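**Q** Got chain A sorted already, so can you dock chain B onto it with the hints?
Line order of the protein sequences matches chains A and B.
The opening position of the first sequence corresponds to residue 1 in this note's numbering, with each subsequent residue numbered one higher.
The opening position of the second sequence corresponds to residue 397 in this note's numbering, with each subsequent residue numbered one higher.
In silico DMTMM-like cross-links for lysine to aspartate or glutamate, where the CA-CA straight-line distance does not exceed 20 angstroms: (1) K873(B) with D675(B); (2) K928(B) with D918(B); (3) K660(B) with E1012(B); (4) K612(B) with E591(B); (5) K412(B) with E161(A); (6) K526(B) with E495(B); (7) K907(B) with E738(B); (8) K603(B) with D689(B); (9) K565(B) with E700(B); (10) K412(B) with D168(A); (11) K516(B) with E506(B); (12) K392(A) with E161(A); (13) K565(B) with D689(B); (14) K159(A) with E409(B); (15) K412(B) with D158(A); (16) K520(B) with E485(B); (17) K392(A) with E409(B); (18) K526(B) with E286(A).
Only some residues are given here: those of chain B computed to face chain A with a beta carbon under 7 angstroms: (19) R414; (20) G421; (21) R434.
By construction, these hints were calculated from the structure, which means they are not laboratory data.
Here the structure is a predicted model, which is why all the values come from computation and not from measurement.
Glycine included, C-beta positions come from ideal geometry on N, C-alpha and C.
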Amino acid sequence: MGILSLLLAPWRPHKMLTMFLQNPTLSMQYTLDVKKIWHYLTRYIDSFLLIALLALMAIGLLALYSATNANITRVGNQIINMLIALVIMWLVANIPLQQIKRLALPMYLAGLALLIGVALFGEINNGARRWLNIGVTRIQPSELMKIAIPLMMAWYFDKHEITLRLRDYFGATIILMIPVLLILRQPDLGTAILIAASGFFVLFLAGLSWRIIIGLTVAAAASMPMIWAMLHDYQRQRIMTLWDPTQDPLGSGYHTIQSSIAIGSGGVVGKGWQNGTQAQLDFLPEQSTDFIFAVFSEEFGLIGNTFLLLLYLLVIGRCMFITAHASTQFTRLIAGSITLTFCTYIFVNMGMVSGILPVVGVPLPLISYGGTSMVTMLLGFGILMSIQTHPKLVKT
Amino acid sequence: MKQPVELRNHFTELSKFRTRLLVSGGFVLFLFAILYARFYFLQVVQQEHYLTLAEANRISILPLVPNRGLILDRHGKPLAQNYSAYTLEVVPSRIKDLEATINELATVIEITPIDRQRFKKLLKESKRFKSLPIRSRLTDTEIAAFAVNRYRFPGVEIKARVFRQYPEKEIVSHVVGYISRINDQDLELLERNDELHNYRGSQHIGKIGLEQSYEKQLHGITGFEEVETDAAGRSIRVLSRTPPIPGDNLILSLDLGLQEVAEKAFGERRGALVALDPDNGEVLAFISKPGYDNNLFIGGIDQENWNLLNHSIDRPLNNRALRGVYPPGSTFKPFMALAALELGKRTPEYSMYDPGYFSLPGVERRFRDWKPGGHGRVDLHKSLVVSCDTYYYSLANDLGIDNIHSFVGQFGLGKKTGIDIGGEASGLLPSSVWKMAQHKQKWFAGDTISVSIGQGYNLATPLQLAFATMIIANNGKAYQPRFVKQIQNSQTGDIESIPSKLLYTLNFKSKNLEVVKNALIDVTRPGGTAAKAGANAAYTFAGKTGTSQVIAIKQGERYNEKAINERHRDHAMFIAYAPAEAPKIALAILVENTGTGGSTAAPIARQVFDYYLLGEQPDEAGTALAFYDAGEDRARDHL
Chain A
1 MGILSLLLAP WRPHKMLTMF LQNPTLSMQY TLDVKKIWHY LTRYIDSFLL IALLALMAIG
61 LLALYSATNA NITRVGNQII NMLIALVIMW LVANIPLQQI KRLALPMYLA GLALLIGVAL
121 FGEINNGARR WLNIGVTRIQ PSELMKIAIP LMMAWYFDKH EITLRLRDYF GATIILMIPV
181 LLILRQPDLG TAILIAASGF FVLFLAGLSW RIIIGLTVAA AASMPMIWAM LHDYQRQRIM
241 TLWDPTQDPL GSGYHTIQSS IAIGSGGVVG KGWQNGTQAQ LDFLPEQSTD FIFAVFSEEF
301 GLIGNTFLLL LYLLVIGRCM FITAHASTQF TRLIAGSITL TFCTYIFVNM GMVSGILPVV
361 GVPLPLISYG GTSMVTMLLG FGILMSIQTH PKLVKT
Chain B
397 MKQPVELRNH FTELSKFRTR LLVSGGFVLF LFAILYARFY FLQVVQQEHY LTLAEANRIS
457 ILPLVPNRGL ILDRHGKPLA QNYSAYTLEV VPSRIKDLEA TINELATVIE ITPIDRQRFK
517 KLLKESKRFK SLPIRSRLTD TEIAAFAVNR YRFPGVEIKA RVFRQYPEKE IVSHVVGYIS
577 RINDQDLELL ERNDELHNYR GSQHIGKIGL EQSYEKQLHG ITGFEEVETD AAGRSIRVLS
637 RTPPIPGDNL ILSLDLGLQE VAEKAFGERR GALVALDPDN GEVLAFISKP GYDNNLFIGG
697 IDQENWNLLN HSIDRPLNNR ALRGVYPPGS TFKPFMALAA LELGKRTPEY SMYDPGYFSL
757 PGVERRFRDW KPGGHGRVDL HKSLVVSCDT YYYSLANDLG IDNIHSFVGQ FGLGKKTGID
817 IGGEASGLLP SSVWKMAQHK QKWFAGDTIS VSIGQGYNLA TPLQLAFATM IIANNGKAYQ
877 PRFVKQIQNS QTGDIESIPS KLLYTLNFKS KNLEVVKNAL IDVTRPGGTA AKAGANAAYT
937 FAGKTGTSQV IAIKQGERYN EKAINERHRD HAMFIAYAPA EAPKIALAIL VENTGTGGST
997 AAPIARQVFD YYLLGEQPDE AGTALAFYDA GEDRARDHL
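With the rest of the complex left out, here is chain A (with noise of 0.2 angstroms):
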């Protein structure tokens, strides 16, 4: 009784308190069990993962600090974002996938009525619409979808694991599909195409043949020319200026312009922390959000990147090794999914801010400010931290 409750209380703090003045020789113990406190805490959470993640968002204070000239309360305000989501990460590795799973169809569905409430009475903003006002707050369905899409996808096939035939594939694409036409709508190019991304590796993951993929490549290559007559011209733009940033060096090749000289000037050791002269006279576009990643590599150098790039690839490393040993086909996909979505998010931000990739707007992850893909992020971690610590249920 005394263990059920301790291991209740946090949930109801008001009866902890009727429990403290109840039975002071409970409460005596319970002060002493710091050790079962401990191990309530920690028991779902993968400490490895975690360790990685917070020396990533340690680096990301310390960039924010310096990219924001030193403005305390910005940086408090990503402390609190971070502390905000690793609550929810710490809740979500608590809850089991069996749990999780269920969730996956509603989620998706949610997801999909918002966005299409979107396209009908969003708010336009810088001549896109993308965020929806429910009355009390304005939200963004779209950064849903990012958890919803891989989670549907893996709980489709998994629910057709045992007869799994090309037109669940097909199924599938169409899962996927739908709301990523929507956001492309808006037009968000950077999200539809890591919500996209996100889908295909479940598909790819899932066993889709090699036939297919190498066809679609293909076809994608040939139908690019369409694609491009579809662009926004805004879009048409960035990618232009993308070949040649010189064309408009004030208006949207400035960025990448920027950016470039800030890495490059900072040669194999950086020019130190708070010393980087692009970002404190203020040539770095958005430089505590997408661009942070120039600020840290103009002032830490490629020694610094070179640590940056390895603490990622341990998180990733961590991340597949979960995926390989998770025991189910929904969280292998899943895990999966997130693991390789994370991989995305790092190569396009770090591929745009260093001018190899055109500027969508994709933040870092786990150092961009920001409390939104904070959040998103660490929600992902939630799940990979609960498909590695619950109890694993062989299939019969």
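**A** Relative to chain A, chain B alone:
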């Protein structure tokens, strides 16, 4: 794969999955390798190049800020101009002890406490790497004094900058508005409109008035210069240069001479005047008294002046002509009269006996005329000339509020005119629908009575009244009021005229319009409420006086000007146009807390017309300024 259904083996499935995972892991490593190669290329192979760009010889793209366009009156007199001056600027990040440096600077060049205050405020708002002005408009002596001492002050420099100046200050402040330093909200707006790149280097942006509404034309297009600079920040050579394109000049329809005459005519009184050209809706004069010195805002206003302006009981920052809403009082009557004729509720011949009050059938309550004992027998003509209230009380009862709303609404009351500066108030022309929506109450017949003499729920801005008067003057043409007549390309000097915008045309029977207009002419002739203001005019002059009440008087009490707090006294109103046969100017005047329209507002109109039509400057003795003892015309709303 050929079988329609294939049962999967869990273990082959798992190994297949792991192969796929391995493949993707390899792909991720490949992508990371690409990134790493890129970093290596940028940071090792090309490091020198980028370092050249960024640090040792920083090549920077320097924005070249375009000169802001001028704002000129219709005769080319400047209302907003630019001048170059030398400023003393400090880069805080290059100075160790800022306080000590400033103290030492003060021994060389005069730095007042106000300068220090302003600088402190700037310092808080800006990045430490930015060059911030501590003194502007240095004299030649001061420049020389600093030049010999320059070696003592690293991080302090003299710079040539272009400044904005408003030579006419308070006279046109409510029209021109002002520019001020770009703040975070402006930045956000610029970013949303995708104009941020054009403001790289700009420090100022239009905040209010024409400076704000024509920001796009005035600002110009920022040019840029690729400059190679040495470690000390001195430029070595210019690599390429795209010159800025200066902003366009605005040529207003406003006549500065007329504006000055009108402003002077108000003396120390508060109020507003809007004069329009009935042929095209151009604004000829636009006064809101008191004005303010808009130059104070350019460099960021200091606390002391801000408090003075913001807390003044006279509210100089309030644009009364554009945003002030007042009951139109008896100036509402000409529109009521025209409604009566056009809707067939009255004929010009019809007359009634005015005992000095009006009662609704079956109701005891009396609506009083401003004249105790009444005006005797009154027809439509006389009702306007002597401003009889009782005539309109009974007319209102026959018309009904919704007829009034839809007919008078055609003159633009209760709607924004769409003038080319922002922040316009829309006033209020009540209707039964409005009252139900706003107050959840039925419309009462008594409400209509008050509305008929321009009181009650009725609210209009001086601009709206001028607009409505213009429509009467030009027989029904609703031109959108506007300040900017032409836009001049400041490089080529080419002038592009902005065509006047006819919003709509109202078709009234010319005989009805004539009845009303003839009565308005007689208002300024002997026997009319503005007879003194119209005396001996060299042109025919049509108008209507009005009194806009600030507080209501209880049933059974009389308005006693002397007994009432000055700020609660009635506002004087006057609408007019001249010459009556072929109007060249139509206006509306409001004078706050000074009593009746005939005695204080109409004389201002006379001076404005004399100047505009005859070129006569009002004589310095100010005979026209004297208060006339005109007819009472104090239409009142009763509690």
